[in-house]
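Participant: First to last, the sequence lines map onto chains P and E.
So that you can map any letter, position 17 of the first sequence is 17 in our numbering, and since no number is skipped, the others follow by simple counting.
So that you can map any letter, position 124 of the second sequence is 124 in our numbering, and since no number is skipped, the others follow by simple counting.
A hint or two may mislead.
Quick list of the computed label-pair ranges, beta carbon to beta carbon [to be verified]:
1. SER424(E) - ASN63(P): 27 to 33 Å
2. SER424(E) - GLY111(P): 31 to 37 Å
3. ASP144(E) - ILE121(P): 41 to 47 Å
4. GLY27(P) - SER424(E): 32 to 38 Å
5. GLY52(P) - PHE77(E): 50 to 56 Å
6. GLN140(E) - ILE121(P): 40 to 46 Å
Rather than coming from a laboratory, the hints here were simulated on the basis of the structure.
Ideal Cβ positions, reconstructed from N, Cα and C, are used throughout, including at glycine.
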Amino acid sequence: MLKVNDLHARVENTAILHGLNLEIKPGEVHAIMGPNGSGKSTLGNVLAGRPGYEVTGGTVTYNGQNLLEIEAEDRARAGVFLAFQYPVEIPGVSNMEFLKASVDSIRSARGEETMSSMDFIKLAREKCKAVDLPQDFLKRGVNEGFSGGEKKRNELLQMMLLEPRLCILDETDSGLDIDALQVVANGVNALRSPERTIIVVTHYQRLLDYIVPDYVHVLAKGRIVKSGGRELALELEKHGYSWIDEEVA
Amino acid sequence: MSENIEQYLKSEYSAGWVTDIESMTIPAGLNEDVIRLISAKKFEPEWMLEWRLKAYRHWLEMKEPDWAHVVYPKPDFQALSYYSTPKSMEDGPKSLDEVDPELLRTYEKLGIPVYEQEVLAGVAVDMVFDSVSVGTTFRQKLKDAGVIFCPISEAVHEYPELVKKYLGSVVPQRDNFYAALNSAVFSDGSFVYIPKGVRCPMELSTYFRINEAKTGQFERTLIIADEGSQVSYLEGCTAPMRDENQLHAAVVELIALDDADIKYSTVQNWYPGDENGKGGIYNFVTKRGIAHTRSKISWTQVETGSAVTWKYPSCILKGDDSIGEFYSVALTSNYQQADTGTKMIHLGKNTRSTIIAKGISAKYSSNSYRGLVKMNPGAEGARNYTQCDSLLIGDQCGAHTFPYIESKNPTAVIEHEATTSKVSDDQLFLCQQRGIDAEKAVSMIVNGFCKDVFRELPMEFAVEAGKLLEVSLEGAVG
Numbered sequence: 001m002l003k004v005n006d007l008h009a010r011v012e013n014t015a016i017l018h019g020l021n022l023e024i025k026p027g028e029v030h031a032i033m034g035p036n037g038s039g040k041s042t043l044g045n046v047l048a049g050r051p052g053y054e055v056t057g058g059t060v061t062y063n064g065q066n067l068l069e070i071e072a073e074d075r076a077r078a079g080v081f082l083a084f085q086y087p088v089e090i091p092g093v094s095n096m097e098f099l100k101a102s103v104d105s106i107r108s109a110r111g112e113e114t115m116s117s118m119d120f121i122k123l124a125r126e127k128c129k130a131v132d133l134p135q136d137f138l139k140r141g142v143n144e145g146f147s148g149g150e151k152k153r154n155e156l157l158q159m160m161l162l163e164p165r166l167c168i169l170d171e172t173d174s175g176l177d178i179d180a181l182q183v184v185a186n187g188v189n190a191l192r193s194p195e196r197t198i199i200v201v202t203h204y205q206r207l208l209d210y211i212v213p214d215y216v217h218v219l220a221k222g223r224i225v226k227s228g229g230r231e232l233a234l235e236l237e238k239h240g241y242s243w244i245d246e247e248v249a
Numbered sequence: 001m002s003e004n005i006e007q008y009l010k011s012e013y014s015a016g017w018v019t020d021i022e023s024m025t026i027p028a029g030l031n032e033d034v035i036r037l038i039s040a041k042k043f044e045p046e047w048m049l050e051w052r053l054k055a056y057r058h059w060l061e062m063k064e065p066d067w068a069h070v071v072y073p074k075p076d077f078q079a080l081s082y083y084s085t086p087k088s089m090e091d092g093p094k095s096l097d098e099v100d101p102e103l104l105r106t107y108e109k110l111g112i113p114v115y116e117q118e119v120l121a122g123v124a125v126d127m128v129f130d131s132v133s134v135g136t137t138f139r140q141k142l143k144d145a146g147v148i149f150c151p152i153s154e155a156v157h158e159y160p161e162l163v164k165k166y167l168g169s170v171v172p173q174r175d176n177f178y179a180a181l182n183s184a185v186f187s188d189g190s191f192v193y194i195p196k197g198v199r200c201p202m203e204l205s206t207y208f209r210i211n212e213a214k215t216g217q218f219e220r221t222l223i224i225a226d227e228g229s230q231v232s233y234l235e236g237c238t239a240p241m242r243d244e245n246q247l248h249a250a251v252v253e254l255i256a257l258d259d260a261d262i263k264y265s266t267v268q269n270w271y272p273g274d275e276n277g278k279g280g281i282y283n284f285v286t287k288r289g290i291a292h293t294r295s296k297i298s299w300t301q302v303e304t305g306s307a308v309t310w311k312y313p314s315c316i317l318k319g320d321d322s323i324g325e326f327y328s329v330a331l332t333s334n335y336q337q338a339d340t341g342t343k344m345i346h347l348g349k350n351t352r353s354t355i356i357a358k359g360i361s362a363k364y365s366s367n368s369y370r371g372l373v374k375m376n377p378g379a380e381g382a383r384n385y386t387q388c389d390s391l392l393i394g395d396q397c398g399a400h401t402f403p404y405i406e407s408k409n410p411t412a413v414i415e416h417e418a419t420t421s422k423v424s425d426d427q428l429f430l431c432q433q434r435g436i437d438a439e440k441a442v443s444m445i446v447n448g449f450c451k452d453v454f455r456e457l458p459m460e461f462a463v464e465a466g467k468l469l470e471v472s473l474e475g476a477v478g
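Next up, chain P with everything else stripped away, as it sits in the complex (with noise of 0.2 Å):
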């Protein structure tokens, strides 16, 4: 469903990614490791479609479709969903008129009919249930005064309710306590189905604790280095990113 091939994207004058490979089926969930500066966040924002993020080389083919010839907008709308490292707030625009819009255009997207108002308010409740966040947090500013923690609760929340089929959870652990991790994984891992596919970006093997990934790769240098299966990340949590280094040199 998701093939990289040889992608090469700088930010800023930058280059970041080297000639990146990375094919994910169907119902997989994939690990990314790496050290800090290794480019792990650069692919998530490049498979987004994040305005800064210039790819200089290769393809990325999602579901037949040439992803990086597709607007951010209908990325999303064909089913890429990005939970951000560092959510932004909008002040004045309430969490549920967020929502909605975002589900309503997702919907329409797919063919789908509108939510009525009130169907939508009785999921987003189901769903802020889900997350362990109350109820009154739709009402407020879209991440207006969250907690990093709350923030986090709250994409994952959109994760939900937009259902999509390939999602990208970026450093989605960091700042996160043991609880509130624990929420956050019980919540992917309820979002695991054969049509979804999940791509964990993380620093630490704590989160993989939690979601059990396929595959775990590491990138370096803005390639992937090594790739493996759950025991990988561990040999790493044992060995530290050096032990790649030197590996790979």
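Since the structure of chain P is provided, determine the placement of chain E on it from the hints.
Facilitator: What follows is chain E alone, placed relative to chain P:
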């Protein structure tokens, strides 16, 4: 809902068409004879003509103000026509049935309810087309409640005592250059009188439409709320797209007697000019209200149109315990310039005022808030709260704030808060990543920013205002 949005996003200035109607427009130029002619056209009594001539003589001695943060070529006052009326109106229709159907279609096209039976919410409408009022709905129903709602030209004949007493009482002829000009040549506008203790049974509104080329519109509105009465009034404004600039210089005076309550809302959508800054209306307006004991005057404005706006709806809080409010959203895009705000003049004890001003600038526009809060020596225990927020879209536009605060009473409390923010790329990307396109995202962010003001608008107009912002922001991103 989403279809509507799509449609609105695609439409440009939707009120930009011209009604093809035969007009009687007097030749361009301004002198005493022109004023006599305007007065004669309206069969005005001698006192009214004298009043106009006096204003004209003041005007001749005045200079155009240049302190506002706006730049534009000075209008050539001799190149404008000061009076234009649809030919069919020359003899004056007696009722709506006699009004030229082409004219009524103009208002229908603008979505304004012309026939009483079509109105659900019960809004009485006065329609002013160029220099004349073409019809006012629900007059009988209002009359039954004792409310007078009619064109001001008619009030001069029917209620001369009220007009004589209050016209120019809040905005004196010599107040400023444009107020003097308006006093000399004002054509039409609405007159409202709410008798003692009466709560006006419906919203009153006036729709101003400039149609003729090379004319100015100089409307004059006078609203008197007698003791303990209550009224909510809304004005809307549109004009065709034309390459030359047109002048709109209005004066609005509000009088809230003891315990009265006046709510005045404006949705101003005059033609703003094209994307290169060509054409558009010069909107130079003086609006002021006087609040007597325990009365309240509330101004709400949504300003999206006009090439240049110069406007400061103000309150003179004369009576003890009177309240003044000003809620404003001013949006500028392309090459629009706005210098707008308010004056709150606290004279009485325990007077209170609130100012919430939201300025949004996009593209190459310039948007200034200018406000005065003045506490006179008698304003014992008076309070003001001002909140002034600017939102920038893109990096070519400008936002400015000019707050003036004068306090001559140590017990008065003045609070001023101001913020400036930008619609950030990160906010836009968050929306896009959730499937919301950039235009819709900007409109949502801007609407969120304006929420505190929209809350103050009558319900149906709040929706209108939201849509208007969306249209005005079209093409503001990317």
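Participant: All hints, please: hold or fail.
Facilitator: Hints versus structure:
| no. | hint | verdict |
| --- | --- | --- |
| 1 | SER424(E) - ASN63(P): 27 to 33 Å | 31 Å, holds |
| 2 | SER424(E) - GLY111(P): 31 to 37 Å | 32 Å, holds |
| 3 | ASP144(E) - ILE121(P): 41 to 47 Å | 43 Å, holds |
| 4 | GLY27(P) - SER424(E): 32 to 38 Å | 36 Å, holds |
| 5 | GLY52(P) - PHE77(E): 50 to 56 Å | 51 Å, holds |
| 6 | GLN140(E) - ILE121(P): 40 to 46 Å | 44 Å, holds |
No hint from the list above goes unmet by this structure.
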